[in-house]
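Participant: Chains as they are written, first to last, in this note's numbering: chain A, 1 to 278; chain B, 279 to 627; chain C, 628 to 858.
Accuracy of the hints is not assured; some may be wrong.
Stated by the list, open to error - Below, in silico cross-link-like pairs of lysine-lysine (DSSO-like), each with a Cα-Cα straight-line distance of 27 angstroms or less:
1) A:LYS4 - C:LYS780
2) A:LYS160 - B:LYS550
3) B:LYS513 - B:LYS550
4) B:LYS412 - B:LYS391
5) C:LYS751 - A:LYS4
6) B:LYS361 - B:LYS391
7) C:LYS751 - C:LYS780
8) B:LYS412 - B:LYS398
9) A:LYS5 - C:LYS719
10) B:LYS361 - B:LYS412
11) A:LYS160 - B:LYS361
In case anyone wonders, no lab produced these hints; they're calculated from the structure.
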Amino acid sequence: MKPKKLSFALQLIFSLCVCGFLIIPVVMSALAGLTVNYFVGLESGLTLRWIVEVWHAYGDTISRSIGISLACLVVTLVLGVPAAYVLARRSNRITRAFEELLMLPIAVPGLATALALVSVYGSVGEFRGSWTFILVGHVLFTLPFMVRAVLAVMLTLNLKTLEEGAASLGASHWQRFAHVVLPNCRHGIVAGALMVLTLSIGEFNLTWLLHTPYTKTLPVGLADAYASMRLEVGSAYTLIFFVIIVPLLVATQALAKPRTRKFIDKAPATPGLALVKS
Amino acid sequence: MTTSSYQAISIELRHCAKTFPDGTRVLHDLDLEIYPGETLVLLGPSGCGKTTTLRLIAGLETPDTGGQVLFNGQDVTALDIAKRNVGMVFQSYALFPNMTVAENVGYGLRIQKLPADQQKQRVGEMLEMMRLTKLANRHIDQLSGGQRQRVALARAIATRPRVLLLDEPLTALDAQLRDSLRVEINLLLRQLGITAVYVTHDQSEAMALGDRIVVMAEGRISQIGTPRQIYHQPKNDFVADFIGTMNRVQGNISLRRFTCPAGSLAVQADDKEQAELMFRPEDVRVSTELHDDGLQGNVSASFYLGDRTRLLVDIGQERHIVVESAARCELQPGQRVVMNLGNQAALVA
Amino acid sequence: MAYVEVLTNAHYLESMMATLLVAVATTVATLVISGISGVFLQRNDFPGRSLLTSLLTLPLAFPGVVVGFMIIMLAGRQGLVGQITEALGAGKLVFAYSMFGLFLGYLYFSIPRTIVTIMAAAEKMDPRLEEAARSLGAGNWRVVRDVIIPALKPALISSGAICFATAVSAFGTAFTLATRINVMPMVIYTEFTLSANMAMAAALSFFLGAVTWLVLAVARSAGGGTVAAAG
């Protein structure tokens, strides 16, 4: 038994070290954002001063990011859910080609998408300078994730038979969609929504190239703060970011846990956030 | 739930053919008449077109141009299934996972916009009829196969449809469950008096449930008839062999006797040079008295099946003769026997 | 022709090589680390396991800039590592702004992603294969080599491909840790913003995208179609 226990201990320590590597800086930066003077350390006391300063200097980026991500969510829901439905119901060459296209945002660097957008719309002054320009970039990037999350769930249902069942009871196309299709995709829609929100709030690569001084988002502000502000301010800003994003991540994790839905034979393969670019 | 509330209708299919987009001809010009209140069974091997026929009646498929579907003489060909007021039970039940049993059963009534209290009452009646009252608030994934089947039935008849269509409803269940549910469905259909079309590939199911059976093969009707007619008077080889087992012996007939190398016996048929004698295993009388009239052969195998014994007798031709004998039959492989058909009318081809 | 120049200019080729090297190093290191931790977490139950798992997957959606900042927290001028080494008398060790820092940054965002996939694959592993190997006398290392790794192969390939693809095009991290780092995304960025050389930037991005897509395509055929659906 000894070698087993040793092996267990070693692996545990290894995992704890990896965990430490990931989490310690998070804790550190959270603390730094609340400490009066980082060099001095905790002895200098805790304060909310930095957070207030961040709010004054970058408050608009926070609300803009939240606003864009919510708008992005609405757009991806309106576009993505019906798209997933069409892909799920009709399986033919065209839809399969389309599904391949859905792979693109993962392969195409955010930079390239940004460049494409700028080169096409760069001269359309008003659009270029508005937050909707960034929204378009975000939607392009997040839409495939919404579609795939919903599609994954839809494919595990026997949509055709369920709809025929509803039709045999007199339901019109809209009624079938609203009463039978949508409720059974709840899981996928929520997973997709969380993903879209998280991706949009944290999106940097694309947004950095698309933004103007008047359309800065939170991550853009963070880059700015890291470069030009003192450590405590950057840390406080990061702390605010964490406060917004960690609940979303926790919710995504909670959702991803295997649920006891026995009538679905295979677990829906909701693509995780493992596809996010950095 | 009174049976008189159902006004049974007739169904007619005229010149219904079906070709799929990829070119396969699933149904060839089909004419079929279904009488009010009867249970018609569509029977055949997979790919014969029976499910397609059912779906044409349902309105889930449209026949090729020129085909017509009529309910009580009214042309419904152009109507979508949602407008035909049919009740359908699918092979995989198609129960809605996001709704409870009660909600599933009441779905059709909700679409019909029946007043809430009436909905509740009707759902209650249905649940009671199918013995599901205790499961009213369960979700579908908490039910067994047999329970789901009953929910599917309850849901289909809750809306008082004009026609009940069942697509291999028992195929997904295990044998014992299938037997007991078969009886239940039979009783239900009789009680409702509704016109029903039932698709199956299981011949014993067809025989047990059908007022008439339509045997189909390769998109065409092979024979329509009552179970007895199909079994005892098959019109062609396909039907003869598809339902039960049919023994065949080659020989000739003259002066009301059939003669072949294995022996001869009396038949009610005219003279024929090259005749094929066909008879069912259960119509054979076996005896060990070798001087008796009949065909002689050796028992090559004996299968004790509990309620009966099946014998395989070798009479010198390629196929063995299959004999269904009494359970307590003592015949052993190797014994020589004589087989006769007694007074049963054998078929001659 | 911008495309020709992409292939011939030494500066670009250098940064492409650097990018690929870092990406490969990241992928290998990540797979090893995530492999060990992921399998361990999946197969052992102990108090605090789910907490540990959650913590390990938490940084999943941190944008590159934040990851860069985390590395700075660890190994920057006021970083933890520097403070420790200083306290130990070895002078302040600062490596956040070097290629090694970038590598660490890439590790930082790759580990959470791959761990999820590997844990999912480990869950589906049949323990009986391992038992069979042990009953035939295989020691721990052989079991890992001959049973566990082959069983995880599809997951390793698919998550490795994604890891590689993400590392190749990672921008935010490099941006935050900038100064001495010469990787492709940074080059593209400079061409675009400082040199206003759209054509070059576009050409470089195209090549980057092509390389990435190629890697993913190869991995998909090798891994059997579940690449980007890493869950």
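Participant: All hints are to be evaluated individually against the structure, with a verdict given for each.
Facilitator: Each hint, compared with the structure:
1. Taking the CA atoms of A:LYS4 and C:LYS780, the gap is near 24 angstroms; set against the 27 angstroms cutoff, the hint holds.
2. Among the hinted pairs, A:LYS160 with B:LYS550 is inconsistent with the structure: their alpha-carbon atoms are about 56 angstroms apart, more than 27 angstroms.
3. This hinted pair checks out: B:LYS513 and B:LYS550 have alpha carbons roughly 19 angstroms apart, not beyond 27 angstroms.
4. Between B:LYS412 and B:LYS391, the direct Cα distance comes to roughly 25 angstroms. Compliance with the 27 angstroms bound is thereby established for this hinted pair.
5. With a C-alpha separation of about 22 angstroms, the suggested pairing of C:LYS751 with A:LYS4 holds against the 27 angstroms cut-off.
6. Under the criterion of a C-alpha separation no larger than 27 angstroms, the hint pairing B:LYS361 with B:LYS391 is consistent with the structure, at around 14 angstroms.
7. With a C-alpha separation of about 12 angstroms, the suggested pair C:LYS751 and C:LYS780 falls inside the 27 angstroms cut-off, and the hint holds.
8. Using a Cα cut-off of 27 angstroms, the hinted pair B:LYS412 and B:LYS398 holds, with the two alpha carbons roughly 15 angstroms apart.
9. Using a Cα cut-off of 27 angstroms, the hinted pair A:LYS5 and C:LYS719 is violated, with the two alpha carbons roughly 37 angstroms apart.
10. Restraint check for B:LYS361 and B:LYS412: not satisfied, since their Cα atoms lie roughly 32 angstroms apart, outside the 27 angstroms limit.
11. Taking the CA atoms of A:LYS160 and B:LYS361, the gap is near 18 angstroms; set against the 27 angstroms cutoff, the hint holds.
In the structure shown, a violation is registered for the earlier hints numbered 2, 9, 10, in ascending order.
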